Amino acid sequence: MNCRSEVLEVTVEARQVEEAMLALLHTILLHRSTGKFHYKKEGTYSIGTVGTQDIDCDFIDFTFVRVSSEELDRMIRKAVSEFKDALSNSGSDGMGQISLEFYQKKKSRWPFSDECIPWEVWSIKVNVVNLANEQERQICREKVGEKLGEKVINVVEVINRHEYLPKMPTQSEVDNVFDTTLKDVQPYLYKITYQITDSLGTSVSTTMRRD
Amino acid sequence: MESDLKPQDQKDLDKFIKFFALKTVQVIVQARLGEKICTRSSSSPTGSDWFNLAIKDIPEVTHEAKKALAGQLPGIGRSMCVEISLKTSEGDSMELETWCLEMNEKCDKEIKVSYAVYNRLSVLLKSLLAITRVTPAYKLSRKQGHDYVILYRIYFGEVQLSGLGEGFQTVRVGVVGTPIGTITLSCAYRTNLAFMSNRQFERSAPIMGIIVDHFVDPPCSSQRPANMGHPCNYRAPDEEDGGQFAGVQDSQEVCATSFSTSPPSQVSVRSLAPRQRRKEEGRRSVSPSDPVESLNAFTRKVGAFVNKPSTQITAASLDLPFAAFAPRGLDSEENDPMVHPPDSPPCPSPLQGSLHSQGSEGSGQQDDFVMVDFRPAFSKDDLLPMDLGTFYREFQNPPQLASLSLHISSQSMADDLDSLPEKLRVYEKNIDEFDAFVDMLQ
Chain L
1 MNCRSEVLEV TVEARQVEEA MLALLHTILL HRSTGKFHYK KEGTYSIGTV
51 GTQDIDCDFI DFTFVRVSSE ELDRMIRKAV SEFKDALSNS GSDGMGQISL
101 EFYQKKKSRW PFSDECIPWE VWSIKVNVVN LANEQERQIC REKVGEKLGE
151 KVINVVEVIN RHEYLPKMPT QSEVDNVFDT TLKDVQPYLY KITYQITDSL
201 GTSVSTTMRR D
Chain A
212 MESDLKPQDQ KDLDKFIKFF ALKTVQVIVQ ARLGEKICTR SSSSPTGSDW
262 FNLAIKDIPE VTHEAKKALA GQLPGIGRSM CVEISLKTSE GDSMELETWC
312 LEMNEKCDKE IKVSYAVYNR LSVLLKSLLA ITRVTPAYKL SRKQGHDYVI
362 LYRIYFGEVQ LSGLGEGFQT VRVGVVGTPI GTITLSCAYR TNLAFMSNRQ
412 FERSAPIMGI IVDHFVDPPC SSQRPANMGH PCNYRAPDEE DGGQFAGVQD
462 SQEVCATSFS TSPPSQVSVR SLAPRQRRKE EGRRSVSPSD PVESLNAFTR
512 KVGAFVNKPS TQITAASLDL PFAAFAPRGL DSEENDPMVH PPDSPPCPSP
562 LQGSLHSQGS EGSGQQDDFV MVDFRPAFSK DDLLPMDLGT FYREFQNPPQ
612 LASLSLHISS QSMADDLDSL PEKLRVYEKN IDEFDAFVDM LQ
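Which chain is which? The protein sequence lines are L and A, in order. Read in the working numbering, the first sequence has 187 at position 187, and its numbers run on one by one without any break. Position in the second sequence counted from 1, then plus 211, gives you the working numbering.
There may be inaccurate statements among the hints.
[Stated by the list, open to error] With a straight-line Cα cutoff of 25 Å, these simulated SDA-like cross-link-like pairs (lysine to any residue) come out:
{"no.": "1", "chain 1": "L", "residue 1": "K41", "chain 2": "L", "residue 2": "P166"}
{"no.": "2", "chain 1": "L", "residue 1": "K125", "chain 2": "L", "residue 2": "D61"}
{"no.": "3", "chain 1": "L", "residue 1": "K151", "chain 2": "A", "residue 2": "K217"}
{"no.": "4", "chain 1": "L", "residue 1": "K191", "chain 2": "L", "residue 2": "S113"}
{"no.": "5", "chain 1": "A", "residue 1": "K226", "chain 2": "L", "residue 2": "T44"}
{"no.": "6", "chain 1": "A", "residue 1": "K317", "chain 2": "L", "residue 2": "N154"}
{"no.": "7", "chain 1": "L", "residue 1": "K105", "chain 2": "A", "residue 2": "S254"}
{"no.": "8", "chain 1": "L", "residue 1": "K147", "chain 2": "A", "residue 2": "K320"}
{"no.": "9", "chain 1": "L", "residue 1": "K41", "chain 2": "A", "residue 2": "N330"}
{"no.": "10", "chain 1": "L", "residue 1": "K105", "chain 2": "A", "residue 2": "K317"}
{"no.": "11", "chain 1": "L", "residue 1": "K183", "chain 2": "A", "residue 2": "M305"}
{"no.": "12", "chain 1": "A", "residue 1": "K217", "chain 2": "L", "residue 2": "Y45"}
{"no.": "13", "chain 1": "A", "residue 1": "K323", "chain 2": "L", "residue 2": "W119"}
{"no.": "14", "chain 1": "L", "residue 1": "K105", "chain 2": "L", "residue 2": "E9"}
{"no.": "15", "chain 1": "A", "residue 1": "K350", "chain 2": "L", "residue 2": "E9"}
{"no.": "16", "chain 1": "A", "residue 1": "K320", "chain 2": "A", "residue 2": "I287"}
{"no.": "17", "chain 1": "L", "residue 1": "K167", "chain 2": "A", "residue 2": "D220"}
{"no.": "18", "chain 1": "A", "residue 1": "K247", "chain 2": "A", "residue 2": "M305"}
{"no.": "19", "chain 1": "L", "residue 1": "K151", "chain 2": "A", "residue 2": "G378"}
{"no.": "20", "chain 1": "A", "residue 1": "K222", "chain 2": "L", "residue 2": "P118"}
{"no.": "21", "chain 1": "L", "residue 1": "K40", "chain 2": "A", "residue 2": "I287"}
[Claimed, not checked] Here are some chain A residues pointing at chain L (derived, C-beta under 10 Å):
{"no.": "22", "residue": "A242"}
{"no.": "23", "residue": "A265"}
{"no.": "24", "residue": "N315"}
{"no.": "25", "residue": "K317"}
{"no.": "26", "residue": "N330"}
{"no.": "27", "residue": "L351"}
[Said to hold, decoys possible] Here are the computed distance ranges between Cβ atoms for each label pair:
{"no.": "28", "chain 1": "A", "residue 1": "P218", "chain 2": "L", "residue 2": "D58", "range": "46 to 56 Å"}
{"no.": "29", "chain 1": "A", "residue 1": "R383", "chain 2": "L", "residue 2": "K143", "range": "35 to 45 Å"}
{"no.": "30", "chain 1": "L", "residue 1": "E146", "chain 2": "A", "residue 2": "Q221", "range": "21 to 31 Å"}
{"no.": "31", "chain 1": "A", "residue 1": "A588", "chain 2": "L", "residue 2": "K125", "range": "50 to 60 Å"}
{"no.": "32", "chain 1": "L", "residue 1": "N133", "chain 2": "A", "residue 2": "M624", "range": "23 to 33 Å"}
{"no.": "33", "chain 1": "A", "residue 1": "V370", "chain 2": "L", "residue 2": "K143", "range": "41 to 51 Å"}
{"no.": "34", "chain 1": "A", "residue 1": "T393", "chain 2": "L", "residue 2": "E6", "range": "32 to 42 Å"}
{"no.": "35", "chain 1": "L", "residue 1": "D56", "chain 2": "A", "residue 2": "T381", "range": "24 to 34 Å"}
{"no.": "36", "chain 1": "A", "residue 1": "V370", "chain 2": "L", "residue 2": "E9", "range": "39 to 49 Å"}
{"no.": "37", "chain 1": "A", "residue 1": "K323", "chain 2": "L", "residue 2": "D114", "range": "22 to 32 Å"}
{"no.": "38", "chain 1": "A", "residue 1": "S373", "chain 2": "L", "residue 2": "E146", "range": "25 to 35 Å"}
I should point out that these hints are in silico values taken from the structure, not numbers from a laboratory. Fair warning: this is a prediction, and the values are worked out from it, not measured in the lab. The beta-carbon is built from N, C-alpha and C at its ideal position, and this holds for glycine as well.
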């Protein structure tokens, strides 16, 4: 099976990194989360309801929509915060990439561990710039807002091609396709990883976050 | 075009398209209300949340959408459009964007109606939620108020884009293939906002009839010209009103929330309890930023630090620390002046009184002002020997420091100067002592 790979690139100020990443990751997850499945007899299931909420950014002229789930938001914020810290500790060149990967688990027999097969990977490349004065920052607020809008349109365009999605699982298989640990929503199984590139062009750290 | 659809699938598809159209309109109009939208996720399916998304239904918007559809469904050559425009307080208006729900002839015969089409429509609605925050009209709608309002108009039939000016852009939200055609959802938005930038928006009082106050019923649509559109910032009428929105009942039609993991078995559909259940759920799921529900309830809330006028604070109640802030039973709201304000003449501003009392006592002009007791915030009446007001007044007008008064300071300076020569003589006499001290330090 081919894994679909999409790359988004943004250029932001250091203080905008967090919100820009949250905006894009949450936009993707909004489309890749469903309500909780409730399995019934005879192989039927019903789906819970997903609520949404508008989030205004403080450092960017932008509002994005995310799934109403505090648990999910916490997990994404944690990953983004780690990425942001790693980016700022790497030095002033500030280039990095955060990836959101959706995967399916395939059970293997002992002694082999379960395989994780990605079916969609979103990579967000970030360039961090330093601005000299307040006027430039104000312009940056608006420009980054417009750019994020374009990225949201890109995300929506890809998603609405309705290409491969894992088949809806039976009750016994649901944990191989979805993350069922959250109490209010059910995203597809995902993991967030990131890479920081220093000024020499070598990547200095990669961290796996299993979620 | 003939379809090979089974009757049940055809029926399901028609229902899905109908409710998709209604939910599309709700999402678009709610995104232009000027407020942040927030709905709650629910792990248990309620049977009334179409497409497994919590999208509230503003009854008037549903009514307008149904009126425009007039029993038809969006189809090939029959598009449903939501036009968003801006109207200034001076009466100028400008179309900002037009959202189009259309269908073309490209069919997908293989797709499963009850499962894949439904889920893809759900994804498309999520995309609509995301895209409605991205087009330029969103920011404008968040700032609407005194200078301008955002209006919406729903129409059915041919798409009209001429009002968007030159160079308008189009963004496609998404497509969903069905056995009878492909549903497409897109937005055409104006890019030429020159009309806006040339205007000087002055702060002026809202004009009645254009900006509808939240607590006033909106004017009937019959009073408004048909092409003017409806404001995106009105209060929806109370559900008890019934009346012209009684037709909303069938919007709580059952939505398919049951799916099968085995290939195409029947969809089991849960029957829905009547309207009452929806009302309860609607109330339960109120969130603070919900623009519709929160306006329906206006009861008095007890604010922190507020003393209700009818309550007397007795010394006994002060045995408990902070007893005055302990929650009290709310008085009946019938007599509550906050909920039912009496027609009273305006009272003199306490600020006027306080300004006067801060000035030095005994200044003239006292006859021109009414002496109002100075009541600083958070203070209680006469419980301590020195209350907050007295303390405040005294420390506003402290007496002069003795050392800073001119004649005393000049006198001490003169004394200092006179004593200098003698001090110098003494130090010179003891110069050896000082030198020895300095050496010791080093």
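Checked hints:
For the proposed pair K41 (chain L) and P166 (chain L), the alpha carbon gap of about 22 Å is at most 25 Å, so the pair holds. For the suggested pair K125 (chain L) and D61 (chain L), the alpha carbons sit about 20 Å apart, so the restraint of at most 25 Å is met. Using a Cα cut-off of 25 Å, the hinted pair K151 (chain L) and K217 (chain A) is violated, with the two alpha carbons roughly 40 Å apart. Between K191 (chain L) and S113 (chain L) the CA atoms are separated by roughly 17 Å; this keeps the pair inside 25 Å, and the hint holds.
Distance hint between K226 (chain A) and T44 (chain L) is fulfilled; the C-alpha atoms sit about 21 Å from each other, no more than 25 Å. Note on K317 (chain A) and N154 (chain L): the hinted pairing holds, with a Cα-Cα distance of about 23 Å set against a maximum of 25 Å. A hinted pair counts as satisfied when its Cα atoms are at most 25 Å apart, and K105 (chain L) with S254 (chain A) qualifies at roughly 24 Å. A threshold of 25 Å between alpha carbons decides the hint, and for K147 (chain L) with K320 (chain A) the separation of about 38 Å lies outside it, so the pair is violated.
Proximity of K41 (chain L) to N330 (chain A) is assessed by CA-CA distance (about 21 Å); at most 25 Å being required, the pair is judged to hold. A C-alpha spacing of about 36 Å is found between K105 (chain L) and K317 (chain A), which places the hinted pair above 25 Å, so the restraint is violated. This hinted pair does not check out: K183 (chain L) and M305 (chain A) have alpha carbons roughly 45 Å apart, beyond 25 Å. Taking the CA atoms of K217 (chain A) and Y45 (chain L), the gap is near 22 Å; set against the 25 Å cutoff, the hint holds.
Taken as a hint, the K323 (chain A) and W119 (chain L) pair is honoured in the structure, with Cα atoms around 22 Å apart against an allowance of 25 Å. Distance hint between K105 (chain L) and E9 (chain L) is unfulfilled; the C-alpha atoms sit about 29 Å from each other, more than 25 Å. Only pairs whose Cα atoms come within 25 Å are accepted, and K350 (chain A) paired with E9 (chain L) is accepted, the gap being roughly 24 Å. Proximity of K320 (chain A) to I287 (chain A) is assessed by CA-CA distance (about 16 Å); at most 25 Å being required, the pair is judged to hold.
A threshold of 25 Å between alpha carbons decides the hint, and for K167 (chain L) with D220 (chain A) the separation of about 21 Å falls inside it, so the pair holds. At roughly 24 Å between alpha-carbon atoms, K247 (chain A) and M305 (chain A) fall within 25 Å of each other, so this suggested pair holds. Distance restraint check for K151 (chain L) and G378 (chain A): the Cα-Cα separation of roughly 21 Å lies within the 25 Å cut-off, and the hinted pair is therefore satisfied. Restraint check: the Cα-Cα separation between K222 (chain A) and P118 (chain L) comes to about 37 Å, which exceeds 25 Å; the hinted pair is violated.
Simply put, K40 (chain L) and I287 (chain A) have alpha-carbon atoms about 38 Å apart, too far for the 25 Å limit, and the pair is violated. This hint holds: A242 (chain A) has a C-beta 9 Å from the nearest C-beta of chain L, less than the 10 Å allowed. The interface hint given for A265 (chain A) is met, as the beta carbon of that residue sits about 4 Å from the closest beta carbon of chain L, less than 10 Å. Given hint, N315 (chain A) at the interface with chain L, is violated; its Cβ is 15 Å from that chain's nearest Cβ, farther than 10 Å.
Hint on K317 (chain A) is violated. Least Cβ distance to chain L is approximately 13 Å, over the 10 Å limit. Hint status for N330 (chain A): holds, given a least beta-carbon distance of 8 Å to chain L, under 10 Å. Hint status for L351 (chain A) relative to chain L: violated, with the closest Cβ pair at about 12 Å, above 10 Å. At about 54 Å, the CB distance of P218 (chain A) to D58 (chain L) agrees with the hint of 46 to 56 Å.
At about 24 Å, the beta-carbon gap between R383 (chain A) and K143 (chain L) misses the expected band of 35 to 45 Å. The hint said 21 to 31 Å for the Cβ distance between E146 (chain L) and Q221 (chain A), and at roughly 44 Å that hint is violated. A588 (chain A) and K125 (chain L) have their C-beta atoms about 53 Å apart, which keeps the hinted 50 to 60 Å range intact. In this structure the hint that N133 (chain L) and M624 (chain A) lie 23 to 33 Å apart at CB is violated, the actual value being about 50 Å.
Distance hint check for V370 (chain A) and K143 (chain L): the Cβ-Cβ separation is about 32 Å, which falls outside the suggested range of 41 to 51 Å. Between T393 (chain A) and E6 (chain L) the beta carbon distance is about 23 Å. The supplied range of 32 to 42 Å is therefore violated. For the hinted restraint 24 to 34 Å between D56 (chain L) and T381 (chain A), the CB-CB distance of approximately 26 Å keeps it satisfied. The given range of 39 to 49 Å is broken by V370 (chain A) and E9 (chain L), whose C-beta atoms sit roughly 34 Å from each other.
One distance hint, 22 to 32 Å for the beta-carbon pair K323 (chain A) and D114 (chain L), holds here, with the actual separation near 30 Å. The hint said 25 to 35 Å for the Cβ distance between S373 (chain A) and E146 (chain L), and at roughly 26 Å that hint holds.
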